[in-house]
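Listed below, chain by chain, are the residues.
Number of protein chains: 2
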Amino acid sequence: MTKALAGLKLLDVSRVLTGPYSTMVLADLGADVIKVEVPGRGDDSRLFGPFANGESGYYMTLNRNKRGITLDLRRPEGQAVLKDLARWADVLLENFATGTMAGWGLGYEDLAAVNPRLIYASITGFGQYGPNSGRYAFDAIAQATGGLMSITGAKGGPPTRVGTALGDINAGNFATIGILAALYQRERTGRGQRIDISMQDCIAAILENAVVRYTIDGDIPTRLGSSHANVSPYDVFAASDGHVFIACANEATWRRLCKAMDREDLVTDARFEINAKRAENIDTLTEIINRWSSRFTAGELLAVLETNGVPGAQVLSVDQVVGDPHIRARNMMVAVDHPVAGTITIPGNPVKMSASDDTIERPAPVLGQHTDQVLAELGYSADKIAALKAAKIV
Amino acid sequence: MTKALAGLKLLDVSRVLTGPYSTMVLADLGADVIKVEVPGRGDDSRLFGPFANGESGYYMTLNRNKRGITLDLRRPEGQAVLKDLARWADVLLENFATGTMAGWGLGYEDLAAVNPRLIYASITGFGQYGPNSGRYAFDAIAQATGGLMSITGAKGGPPTRVGTALGDINAGNFATIGILAALYQRERTGRGQRIDISMQDCIAAILENAVVRYTIDGDIPTRLGSSHANVSPYDVFAASDGHVFIACANEATWRRLCKAMDREDLVTDARFEINAKRAENIDTLTEIINRWSSRFTAGELLAVLETNGVPGAQVLSVDQVVGDPHIRARNMMVAVDHPVAGTITIPGNPVKMSASDDTIERPAPVLGQHTDQVLAELGYSADKIAALKAAKIV
Chain A
134 MTKALAGLKL
144 LDVSRVLTGP
154 YSTMVLADLG
164 ADVIKVEVPG
174 RGDDSRLFGP
184 FANGESGYYM
194 TLNRNKRGIT
204 LDLRRPEGQA
214 VLKDLARWAD
224 VLLENFATGT
234 MAGWGLGYED
244 LAAVNPRLIY
254 ASITGFGQYG
264 PNSGRYAFDA
274 IAQATGGLMS
284 ITGAKGGPPT
294 RVGTALGDIN
304 AGNFATIGIL
314 AALYQRERTG
324 RGQRIDISMQ
334 DCIAAILENA
344 VVRYTIDGDI
354 PTRLGSSHAN
364 VSPYDVFAAS
374 DGHVFIACAN
384 EATWRRLCKA
394 MDREDLVTDA
404 RFEINAKRAE
414 NIDTLTEIIN
424 RWSSRFTAGE
434 LLAVLETNGV
444 PGAQVLSVDQ
454 VVGDPHIRAR
464 NMMVAVDHPV
474 AGTITIPGNP
484 VKMSASDDTI
494 ERPAPVLGQH
504 TDQVLAELGY
514 SADKIAALKA
524 AKIV
Chain B
134 MTKALAGLKL
144 LDVSRVLTGP
154 YSTMVLADLG
164 ADVIKVEVPG
174 RGDDSRLFGP
184 FANGESGYYM
194 TLNRNKRGIT
204 LDLRRPEGQA
214 VLKDLARWAD
224 VLLENFATGT
234 MAGWGLGYED
244 LAAVNPRLIY
254 ASITGFGQYG
264 PNSGRYAFDA
274 IAQATGGLMS
284 ITGAKGGPPT
294 RVGTALGDIN
304 AGNFATIGIL
314 AALYQRERTG
324 RGQRIDISMQ
334 DCIAAILENA
344 VVRYTIDGDI
354 PTRLGSSHAN
364 VSPYDVFAAS
374 DGHVFIACAN
384 EATWRRLCKA
394 MDREDLVTDA
404 RFEINAKRAE
414 NIDTLTEIIN
424 RWSSRFTAGE
434 LLAVLETNGV
444 PGAQVLSVDQ
454 VVGDPHIRAR
464 NMMVAVDHPV
474 AGTITIPGNP
484 VKMSASDDTI
494 ERPAPVLGQH
504 TDQVLAELGY
514 SADKIAALKA
524 AKIV
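Heads up: the sequence lines are chains A and B, in that order. All residue numbers for the first sequence refer to the working numbering, where the first residue is 134 and numbers rise by one. All residue numbers for the second sequence refer to the working numbering, where the first residue is 134 and numbers rise by one.
Chain A with its partners taken away, still in its complex shape (with noise of 0.2 Å):
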C-alpha cells in the first residue's frame, strides 16, 4: 500500500528533537526525508543514551524512515550544494537559533530565490519576530514561558516539567500541521511560503481553559496534582502494585464508588454528601479511597470499579505501554532491524489512514549512509562526488 506522502520531498537541516520529531511524523506518512548532518560529527542527538551497539536510541527513535547524508553548511562549497537540494525538495525544515540561515546565505529569500515553491519552515524557542525573538530554548523553557509548567504539578508543590520534552514535541507537529497546510495553499497558488513556529507560542496556544479563567474570572490557574477543579472524587488512588485514576464525574458516579468500597455510610455522611462537601474535605476523603484502593491490585481494582459502573483507568508505566496487548494490537511498538544496533522497538505512527500504511519502513540513517546516493539523484557525477569528499563538504 501507498503512503499518503507519497511523493512529497522533504530536506531536513534540523537537529535533536523538536524538527526531528516533525520530519519523522512527515516521514512515517510516507514523505522521502533527506536529514542534513555536519560531516564527521552528525546531529548532536548520536550522542543522546541509551545506545545499542554504540547507536544512540535516542537518535534511532526519531529518525527512522529518514535517509541521511553528510554536509558543511558553514563553507560556500556545501552552501551550494544545499541549494541543489533546496531545487529538488518541496518542504525545508531547519531549527537553528534566529537568522543563522541567513547568515550562511540559506534564509528563505535567498532560497526562494532558485525554487519559489519551496516551503521554509523555521522552529525556534521564540519565533522569528517579536521582542524575545533572539533568545534560546529548550524544551523545558518553552514549558515554562509558556505557561504550562505553572500549571503542572502536585498542589503546593513546585512547577513541574511534563515528563516528555513537551515543549519541543508539541511545537513539532504545529509545524508539521503548518507545513501540510502549506502544501494545501500551493496546490491553489502554485507558491511556498515562509512557516515561523515558536516553542513558546505551542505551548500557550495548548493552555486551553487555563486562560479564560484569567481572562474572564481573574483567576490564576496553579497546581492540582491530577485532581479535577470542579469535581471530587477524580484523581490518582494508590493500588498495592501501581496507580489507578478514578473519576466520579457526577453525584451517581460517587454513590457507585462508595458501594463498590462498601462504604455507602458515605453517601450520606455531612463531609462528603454533595461534590461541594467532598471538594472541602478532599484530603480526609482522598485518605478514606487510598486505605481502600491500595488493598488491591490495579487490575483487581479496575474489576472491582467496572463492575460498579466508575469510571478508572490503570496508571501505566512505560514498560508496561509497551507490553500493552491494545498498543501492540495498534502498531504502536515497532522493532526495527537497524544494520549496527541490531532490532530495537521504538514507537509506531498513532495516524491510522484506511489508504495509507503505518508501517516504518527503514531504521534511522548511519552517519552519511546515503550521502553518495541523494548527490547522484542530484545529478553529481562520481568525480564531483569524490572531490566534495576529498574537501570534507560531505
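Identical chains share a label here; the pair holds if one copy fits it or two copies do between them.
In silico SDA-like cross-links for lysine to any residue, where the CA-CA straight-line distance does not exceed 20 Å:
| id | residue 1 | residue 2 |
| --- | --- | --- |
| 1 | Lys142 | Glu320 |
| 2 | Lys216 | Gln506 |
| 3 | Lys288 | Asp452 |
| 4 | Lys288 | Ala371 |
| 5 | Lys216 | Asp505 |
| 6 | Lys142 | Tyr317 |
| 7 | Lys522 | Arg200 |
| 8 | Lys288 | Ser373 |
| 9 | Lys288 | Asp374 |
| 10 | Lys142 | Arg319 |
| 11 | Lys288 | Arg356 |
| 12 | Lys288 | Leu357 |
These are calculated hints, taken from the structure and not from any lab test. Being a predicted model, the structure only gives us computed values, none of them experimental.
On the provided structure of chain A, position chain B as indicated by the hints.
Chain B in isolation, oriented as in the chain A frame:
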C-alpha cells in the same frame, strides 16, 4: 490576505475538546468549519465555565472561526440532512464512542457511498480496532494509559496529570495532521479515506526517549520533577516572587553558576565537582541553590544568570503568559468580540505563515446561529427549513 486552507469544507460533529481542538486549528488556518450541535442543548462544553454573560469561555475558546448549526443525528430526517452536508464536505470529524455513527447509518462506508472524496476522521479513547477499542476514555485516562502520567510528577510522588488536557489536545493535533495528509493524498488519488485516531496511541507516540530507555536498557523511567536524568543542576528553583528554571548542561555552565552565586568554593567541593557527584548530592545542592535564588525576584535572578551566561527562564504563570509582551507581539492572545459575552481574550494561532493570516475572523457561534444560512447554501427551500425546525430536527 487569504488563508492556507481557504476553500476547505469541514463538517464537524465532534464534541467537547479533542475533536473541536482539531477543527479549531483547521478553522484558524482558513477552513470553513460547520459545527453540528444537538438542537436545544448544544455541545456539552457550553455548560463548562468560566462564563461571560452566560456564555462558556471553554466553548468560545475552542469554537471560534466556526459556523454553528443544530441537527438531531438520532432521527432519520436529521441523518438525511447530515448526508447532504457530507456531499458538500471535504472532511468530516467525529469523536463519538466507537460504532455510534455507524449505528445511525452515518459510518464511513455510508458517507463514502454519497461522497467518495470524503475524508472521515474519528477520534476515540482507544481507536476503532484492537482489544480495548470499545473502552471509553477522557483526557486523564489517555494520559494514564499512554504512560505519560507515570513519568510526570515530583520525585517520589504520585503519577501526575499534565495541567492541560493533553490527552485530548495531542490527539486533536494528530487528527489534524492525518486530515491534511489525506488531503494531500486525495490530490493524487481523487479519493477520500478513513482516519482512526486513538488518544492512548497519541500519548504513547510522544513518550520519546522513555521507550528506548526501557526497550534498550531495561530501565523503567519514572518521575523526576523538573530535573533531568543525566544533568545536574537542571531544575526549577525558587525566586522570592515565583520560580525560575536553571539549566547547567555542562561543567563550564556549572562553574559559571557558582560564580553567579559567589560560591566558587563549590567548584572544588568534592560533593559537586563533577556532574555525577552533583547528581548524587542533588538534594543538598538544590537546597544551596534555593537559599541563594530565593533572595532575588525572578526578574533579578534572570538578570544575574544572563550576566553570567547561565541558561535560565522564568516559570510564567498563566496571567503572565497572557500579558507577556512577546506573546502579545506574536498575536498569541487575541481579543474577540462576541455578541453575547462581549470582548474576551483567548489563545491565538501558533502556526505563523507568510502567505496566510493568523487573525481570528469570528467568535464562536451562539447555538444554531448559522442553521438557516447553511441549509440555504445546501439548496434547502425556506419551507423545508421551516418544516425541519417545526419538527425539532434542526
